[in-house]
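Trainee: Chains as they are written, first to last, in the numbering used here: chain A, 1 to 222; chain B, 1 to 347.
Simulated from the structure, these hints should not be mistaken for lab results. Predicted model only: the values in this text are computed from it and were never measured. A virtual CB, placed ideally from N, CA and C, is assigned to each residue, including glycine. Certain hints may be false.
[Stated by the list, open to error] One-sided and incomplete, this derived list gives chain B residues near chain A with beta-carbon spacing under 7 Å:
#, residue
1, Leu-91
2, Leu-104
3, Ala-336
[Claimed, not checked] Here are the in silico distance ranges between beta carbons for each label pair:
#, chain 1, residue 1, chain 2, residue 2, range
4, A, Ala-194, B, Asp-333, 30 to 36 Å
5, B, Arg-66, A, Gly-130, 43 to 49 Å
6, B, Glu-234, A, Leu-204, 55 to 61 Å
7, A, Thr-154, B, Ser-156, 56 to 62 Å
[Claimed, not checked] Covered stretches of chain A, as calculated for chain B (at least 3 residues, CB under 8 Å):
#, segment
8, 27 to 36
9, 39 to 48
10, 62 to 74
11, 209 to 216
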Amino acid sequence: MLLAIDTATGIVGAALHDGERVRAEVVHHDVRRHGELLAPAIQEALREAGIPAAELTAVVCGVGPGPFTGLRVGVVTALTLAHGLGLPTPQGICSLDALAHQVMGTHEGELLVATDARRREVYWAHYAVGPTDARRIAGPGVCADADLAEQLRTLPTVGRGAELYPDAFSGVALPDVRDVRPGALAELAVRLRAGDHPDAETALLPPEPLYLRRPDAVEMRR
Amino acid sequence: MDEPLVLGIETSCDETGVGLVRGETLLFDAIASSVEEHARFGGVVPEVASRAHLEAMVPTIERACREAGVRLADVDAVSVTAGPGLAGALLVGVAAAKALSLGLGVPLYGVNHLAAHVAVDVVEHGPLPEPTMGLLVSGGHSNLLLVPDVTHDIRSLGATIDDAAGEAFDKVARVLGLPFPGGPHIDRAAREGDQVAIDFPRGLTSGRDMERHRFDYSFSGLKTAVARWVQAREADGEPVPVADVAASFQEAVVDVLTRKAVLACSEHGVDDLLIGGGVAANSRLRALAQERCDRAGIRLRVPRPGLCTDNGAMVAALGAQMVTRGRDASRLDLPADSSQPVEQVRS
Ligand SMILES: Nc1ncnc2c1ncn2[C@@H]1O[C@H](COP(=O)(O)OP(=O)(O)O)[C@@H](O)[C@H]1O
Ligand SMILES: [Mg+2]
Chain A
1 MLLAIDTATG
11 IVGAALHDGE
21 RVRAEVVHHD
31 VRRHGELLAP
41 AIQEALREAG
51 IPAAELTAVV
61 CGVGPGPFTG
71 LRVGVVTALT
81 LAHGLGLPTP
91 QGICSLDALA
101 HQVMGTHEGE
111 LLVATDARRR
121 EVYWAHYAVG
131 PTDARRIAGP
141 GVCADADLAE
151 QLRTLPTVGR
161 GAELYPDAFS
171 GVALPDVRDV
181 RPGALAELAV
191 RLRAGDHPDA
201 ETALLPPEPL
211 YLRRPDAVEM
221 RR
Chain B
1 MDEPLVLGIE
11 TSCDETGVGL
21 VRGETLLFDA
31 IASSVEEHAR
41 FGGVVPEVAS
51 RAHLEAMVPT
61 IERACREAGV
71 RLADVDAVSV
81 TAGPGLAGAL
91 LVGVAAAKAL
101 SLGLGVPLYG
111 VNHLAAHVAV
121 DVVEHGPLPE
131 PTMGLLVSGG
141 HSNLLLVPDV
151 THDIRSLGAT
161 IDDAAGEAFD
171 KVARVLGLPF
181 PGGPHIDRAA
191 REGDQVAIDF
201 PRGLTSGRDM
211 ERHRFDYSFS
221 GLKTAVARWV
231 QAREADGEPV
241 PVADVAASFQ
251 EAVVDVLTRK
261 AVLACSEHGV
271 DDLLIGGGVA
281 ANSRLRALAQ
291 ERCDRAGIRL
301 RVPRPGLCTD
311 NGAMVAALGA
321 QMVTRGRDAS
331 RLDLPADSSQ
341 PVEQVRS
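All chains, please: the whole structure from these sequences, using the hints.
Mentor: Right under this line is the structure:
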């Protein structure tokens, strides 16, 4: 039984996947209270599926990019829970990959994922979406909306970036794909882990946040 | 029944601490510090601290268990600093503690950092007399606390109205060109100096202040006075007598700290004073506190320096007291509270 959690976008949540299907998914739409909401969401998902925590066999987490504070809550929860249960170290997945995975079935062709990076910037990645998989071509990166290449900004777009900066993004905003659903992350994780995805070799990452930015701090003059 | 085995997690500032305490016995205290990463910035950078906590969390838990010779599965409860502290840093510890509590199926106690600084002395010098007077002096705090019951009832008598004592040490060290954190360097430099060489101000000790701010502290005026004094010397082209400045500054700090702490004990009829926090490592503070406590018939307790600075053992020690006294556990949705009031011992 695989537990997937993501805290990189506007959803805090957890999903359980038994290898065949998503058995439970609990989500909260909140970008400020990850620390409060995540653990109860995991507990609720376990209860919904009727599974004790001890029956988990793997943990995966979205590693962003996303606002740092929430991102760390997800990653440290995954790491510590797996350690407490004696499970292997969790695997990370780029959260933007999960968003691209969510458009499958409704969109084919190129896709831009752009999410809120605060400070008037977006996190972005560029995908080629086929009938059975979405493959990252470029990114993830972080930049101001207007600094993103013209040919990317005109692509069909998912994530909250386009609605935050409508002037910069002229492509079609695909509806209903704004935040990472942990259930989608779980499905993607199961396929990657099974080798059932062309990027299986590269898309599973170490469980470390993709910060993409260095901490703001000024070194002291001596 | 066996005494409870409690794992405590501390991440309120720049130390990732994981302690294991059984009842009133410390099994192991594991610490990973990011202090070196902050040194080049001249102070703690919250984002740097938060990143370091995340990286250090599981390795520090692992090390604590290995060195203590216990398995995580044997842990009876998890406790964690819920506040006060740096918001982003606290969150890492709180999330980790929740994950452990959830995974192990054991209760979670979100506790107050200041209360934990007091409770830690249980593993060093045995049960706390009730009440105990607590003087907490660190980089972030300077508090006088009346503690009838460390698991439940803590009353604030006074606190700094501006800089914390350790902060004053760090800022004055910077003025004197000493490295960060400055406390230990001032302590060392002061040994060669004359503590009455310069008459620096004692904050909030005048007649009127003793009415309105009887047990409060203020160190920012002192820091400014030191900076002015040093600048004037430099302007005159004279060398700065670092040892004398350090000794006189340190004397001004510890004089006020101990004077008010002893006064608080006598006025509240408390026979035991406990000093905690990083500044409690200061050799002159220890000596003067001992001298004044002896004279006033007060017993002085100071944990060893490693338990005075932030650590996980103190959080585990308080958690174990809570389990033993049958206090209610926290809920899994407990928030980290960067400005948690000291009266709120458990979240
Ligand atoms: N010997 C000492 N004399 C005075 N101050 C000291 C001494 N040792 C450490 N300190 C001070 O203690 C503080 C660190 O203590 P700690 O409890 O870790 O504080 P915090 O976590 O609130 O920053 C620093 O400000 C440091 O300068
Ligand atoms: Mg402290």
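Trainee: Quick check: which numbered hints come out false for this structure?
Mentor: none
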